[in-house]
Amino acid sequence: MTEQKTEKRSIYRMLVEYDRRIIYLFIFVLIIAPLMQPFSLPIQVSPGTMTYYNVINGLKKDDVVLVVFDTEFSGYMEIQSGILASIKMMFEHEVKVAIAVSHPEATGIPQLVFDQLKGVMDQHHYIYGQNYINLGYIFPNEASVASTAQDFHSIVRQDAYGKSIQGTFLDNVNTWKDWTLISDYTTGIQSGSLINHYGLRGTPMIVNCIGVMISTQMPYVSSGIYKALLESMRGGAELEYLTSSPGPGLTAMNSFTLGHYLLMIAIILGNIGYFGYRSEMSRKAKEER
Amino acid sequence: MSSFFKSKTAQLTIMILSFLAIFVPYFIDVPVMTTFSTKLITITAIVSAFTLLLALYSQFRRGYTFIQKKKRGWIFKAYMMISIVLMLVFALFGQETGPYNWVMYAIITPLSSVNYSILVFYMASTGARAFRARNTRALLLLITGFIVLFYQAPLTGAFFPQLTPVALYFTNTFVAAVAKMFLISVTVGAIVFGMRVLMGKETTILGFTKEEAS
Amino acid sequence: MDIIEVSIVGVGAFLAICMFTTLYGKSNPLYALAEESYIGFGTGLTIVINLLFIYKTGILGIQAGDWLLSFGIILGIMVLARIIPKYSYIARVPIAIAIGAQFGLALRTTIFTGFLDQIRATIFPLLTGDAMTLLNRWTIALSVIFMLSFFFYTTELKGPLRWSARIGEYAMYVAFGGIFAQTFMGRLSLFVGFMQNYTVPPWKIPYLLGSLIIVFAAVIILDRAKLLEKLTPEE
Amino acid sequence: MVNPLFQVPGIVSGRALGLILVIVLAILVYYYMSSGKKIYIRRVPGLDAIEEAVGRSAEMGKPVVCSFGIGGFTYWTMAGLAILSHVATLSARTGTRLIVPTGGSNDSLIVRPVAEEIVRNAYLLEGKVEAFDSNDMPFMSGQQYAYTGGYIGILQRTRPGSVIMTGYHASEAMNIAETSNAIGAITISVGAYISNTACLACASDYILIGEEAPAAGAYLSKEPPLRASIRAQDIYKAVSLILIIGGLILMTAGSDIVIRLLVS
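Protein chains in written order, with this note's numbering: chain A, 1 to 289; chain B, 1001 to 1214; chain C, 2001 to 2235; chain D, 3001 to 3264.
Since the hints were made in silico from the structure, they are not lab data.
Here are the simulated DSS-like cross-link-like pairs (lysine-lysine), alpha carbons at most 25 Å apart as the crow flies:
id, chain 1, residue 1, chain 2, residue 2
1, C, K2230, B, K1070
2, C, K2226, B, K1070
3, A, K227, A, K61
4, B, K1039, A, K163
5, C, K2226, B, K1071
6, B, K1039, A, K177
7, B, K1201, D, K3037
None of the values given here were measured: they were computed from a predicted structure.
Starting from the given sequences, assemble the full structure and let the hints guide the process.
Below is the structure:
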């Protein structure tokens, strides 16, 4: 009897004071395993994703969209499904797309996107300079964002490859008024500046942000500065689902499910341990008294 | 001349003028001032870029001290300094291809991604520790946290769609409300703080000693 | 796949896993290797970016006739005076200009984005709309009001204010739970995305698993042999 | 688009009320600072804990790590510098080693020399300028996560007694807070945006929420005029409360006058 009691007590205690490395190990295994051996689980499309889909769907031929890769490479890993699915939709609507980046690590992303969307681009006869352009790292700080909103050509003179942007479709773009839409893919580097210098002045904006920023960005959706917000990789996966173009988002959803369930189990066990241990301690205190 | 540079009043005046040059044109419509403010912003960005050289100087001096004193692991510092130089040399061969590009994809992007994505581990262990119903606050934290987590797992939506409106209720209301409240609070705090700075009351942040400030 | 791609994946996976060893909880030389690699090459990158910025915006701008930008270069050079202690005061002028300008930039919009827009977004009709809309609106309105009352610093929380502040604080914790969960989703996506980078296409998997096993085995063995500390740099 | 309630000639459309509010706030701040009033201020545990944190490090003979964030000269950073100055003074006084990791973004490059001057001056004022070592303010590149990696490395190698994160820290704050917790240091952090705040509230021992950080300089200075200026913040929160409640009532009654006022 006593032996059993000791054993039980140690379990509660273990659930409270465990080595945090155990959780780390479980995460590693549960996330990597489904990626190596993909299987498909069903998903549901959220209302926010639907609105986002409708905004891009409302674009017309030759509208001018500024796409901003406002992310480090690591952030791109999270939102690449949203980026690919959105830009694919833009290309299908034959919209003119200018891509700008706001972090040196993002300078390689435009090329990665063009490579992956080559099929659609060829199908809709996309020509560099006439229908799309890669401006490169033009937003190193708020100052540069502010300047482009007031006089675009005063600060942006060359594209990412060092060629002059004169003679491209950007000749018609001078201030914030000239963009049909700004589509920001962000980890938050310059999104505040884009809001301040474009969104607040009235340029329509949509955003695909990383999960951590959702709550920060929500007020801008309710105040109308953002027309729509696509949430993290999950939103990207939903957009892939809506546009019937399965990609990195949908394959990641299983690891996603398992990761969430793991944390929930850890929380439940932690609480069982906490209450078990606490009642044990109070029982012990009573006995001693 | 040097006394001018050293005086607090001169610096404060310069700071205030520079502040107003940016602040005022945002409200008052004078095209010349707007143009000037844009230029001033660019000028400060250039100044900021120059300060990199100061940081670099300090970094090399620190590394050199480590090596000179032969502190344990000084070799790592030497390696760090060499890699700075290497990166500069690589940049000379062009940035889109060649060794520079290799470093970007083999070293910088993976390491940046690690430090970012490693947060999932930290979040999980923090969550498991903080989400214990110790008191009312922690209980509330636990309940919403748990519901939203459950909702977010993509599989849940497919089998238990009834949870969606509940989770969305929490994220669309309480989360939205706290974000608003937070912004309002920070904004008033920031402006009042700004006023204290402009009135020369928060002198420490300009790097003055008390004697200079008085 | 060519040799360059393989080397990118191999070196990347190895250094990434070295960085992950921080989860082991003890400082170790492999972490220091990854750390110094990143700091070193990262600083190199910072230099390149800033020099290019000075060139593209400053020098090219001046060449294009924008002579005002030459002040940027002059002030930038003045900042460097800090290196010589005797003349370090010269650097105070450009720094004062920069502080004023950046501060002005940060403060000029905040009254709109952080104050007026937020108040505006909290004002809506409270009696029209379907049940769900009404529930949401009432919750937002009441939460904002109660939470704001929690944030009064110069008034003692007594009487009704104490209660409203208490409710506000509770509402804040309800929100924090939701935000924590949303943030967790974000971090999870990052980690999944990162791992996808090393599992798709499948030829990359051995590099990932190989690095994982080698690096962690090395750290554990060094720890058991009590060598970790000895091989880790001093601070 | 809602029509503004009023317009002022010469003022950019939609910005008049903002300008008026800023000017009135400036007047209020000036009034409270010169009125000589002694004003009650609620305790801010996060700020009070700084002294305890540095003291504990001193007792244990361990260093203090204090950072001012990775932002440019925004109010976050500047408020962070005010806290840094306080921490540096306490460290100098107690003879505790202070480590200030710097870098993390291009914007923060220009803050670095100012921070160095602040810390040096704090030591100078305490008469211990020889104890100031600029090598303890390592620069860890302009890359956010290289800075993070270096910061974590410093924490694991030096095992400080307390970690005080001020200024604008983005996601890296969680890496730092959780590592700091794992090594048993007292962790004080600033929630610079809402998701950051929620997570840090779970991971740190003390957190400064909302305006607590911008008010830190005035709070810590213990000078009545500076502290009195905090009153102006409360007045504006009361104004926002009145606008919200009034706006809700009027809007429900069918009038959008408050909205029109807000876009003026």
